[in-house]
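Please work from the sequences and hints to get the whole structure.
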Amino acid sequence: MTAVVDRDNSTVVTVHNGTDVPLQAARDLDGTASSISLAAHGPTTIGLPGTGSGVHRLHLQILPNGREFPDVVSLLVTAEHGSIAGQAFVSET
Amino acid sequence: MHGQLNNGLDIADGRLALLLSAAKEIEPGSRAMLLLAEGLFRLDVVVAEDTLRTVLRNLSGGVIETETTLGTITGESILFGDAASYEPGRAGLGFTITTGADAVWVRAMIATLRFADRGTVQVGAQAILLQAPVA
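Residue numbers (my numbering), protein chains in the order written: chain A, 1245 to 1337; chain B, 414 to 548.
Beyond 12 Å from chain A on every Cβ pair, some chain B residues (computed): (1) Met446; (2) Arg455; (3) Gly475; (4) Val476; (5) Glu478; (6) Phe508.
Quick list of simulated restraints, FRET-style, between CB atoms: (7) B:Arg455 x A:Thr1246: 32 to 38 Å; (8) A:Gly1291 x B:Gly452: 34 to 40 Å; (9) B:Ser443 x A:Ala1277: 20 to 26 Å; (10) B:Asp463 x A:Asp1274: 27 to 33 Å; (11) B:Thr512 x A:Ala1284: 37 to 43 Å; (12) A:Ile1280 x B:Thr512: 31 to 37 Å.
These are calculated hints, taken from the structure and not from any lab test. C-beta atoms are modelled at their ideal positions from N, C-alpha and C, and glycine is treated no differently.
Structure, rendered in structure tokens:
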């Protein structure tokens, strides 16, 4: 996972799926939940707004997919005024 | 609103499994619900100075047996960039919930980041709930 902070303090988070299989993930961005798919061998970008509430939060829960990706991963990102911090939890199933 | 994500996991032997994760940003000394498993348990946290205290409420009507105390689940922590400035902390918790002949194993990881400029601490957690094999 990488992040780029733009001049307007908006943040683009990129999640790189390095496996041979697509991965399903649950997403919560500032309290709005949805599902996304992380394409195999590629990046998926998620934008965090630079306006509105000062603190923006992204929570991703990446689910296992067979033997290619047997782990569960939770990613927690907090961005505020150009600074960004993240936590990742990785567990085997 | 409690921003927790819940998803079922496919386990090879067909047992039921569930993944929970959530984060809360709290002021030191205050108590917050971190994880909720309806009908099973509720995990609250309190951060006071350098101490992370957990409060486990049994919602199952059965018995909760704590297998590991906070901090004893082993694992590896990796820090990138300026992560050290956030004073990251990490702990683990394991317990079994038994109701009649049914049991559920729970393994939870908890991690903290201190946001000094806001005077708050973010507490994140991931828990796997796994149906125990039939005895």
